[in-house]
Amino acid sequence: MAAIMVIVVGWLVRPTLNVKPWVEQRPVKDIDGDGALRLPTIKVGLGVFLTVATSLFALLISAYHMRMMAADWVTLALPRVLWLNTAVLILAGVAMQWTRSAAQWGQIDNVRLGLIAAGILTFSFLAGQLWAWQQLNA
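Residue 6 in the numbering used here sits at position 6 of the sequence shown, with consecutive numbering throughout.
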């Protein structure tokens, strides 16, 4: 998780690493009345969100790992339908991408066909998830 945080912080700071403030000419509109440079609100918000999301996943993974080490942990056999479900989810993503390409080219009939296919595949995925959940509860 620390590596992920380093990557996120590096990605956010990357545009400012090679800046030489003594050489670069910034437009006057970027400088506030007090001479301080303002960070873009969107970038700050994205940084805060990524930090919170990464911390949340790190805590969930560590809690899951600690729970796995408990003496009463029982390993569940995964239903085979999950492999089929993964394939259906990938096909739904392919259908959505195909629909996006058709929309960019203005092919309305292919957009309709792609949306229908993606919708059917998405609902098939949800049905497969319910089926897997029922198998796990049985």
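Just so you know, not all the hints are guaranteed correct.
So the derived label-pair ranges between C-beta atoms look like this [claimed, not checked]:
1) Trp98 <-> Ala71: 45 to 53 Å
2) Met69 <-> Leu126: 28 to 36 Å
3) Trp98 <-> Ala63: 51 to 59 Å
4) Ser124 <-> Val48: 35 to 43 Å
5) Ile116 <-> Pro15: 36 to 44 Å
6) Gln97 <-> Ala63: 46 to 54 Å
7) Ser62 <-> Thr86: 33 to 41 Å
8) Leu113 <-> Ser62: 27 to 35 Å
9) Leu82 <-> Pro15: 38 to 46 Å
10) Ala53 <-> Arg100: 38 to 46 Å
Calculated directly from the structure, the hints in this document are not laboratory data. C-beta: ideal position from N, C-alpha, C; glycine also.
> What hints, given by number in increasing order, does this structure fail?
Replying inline: Structure breaks hints 3, 6, 7, 8, 10.
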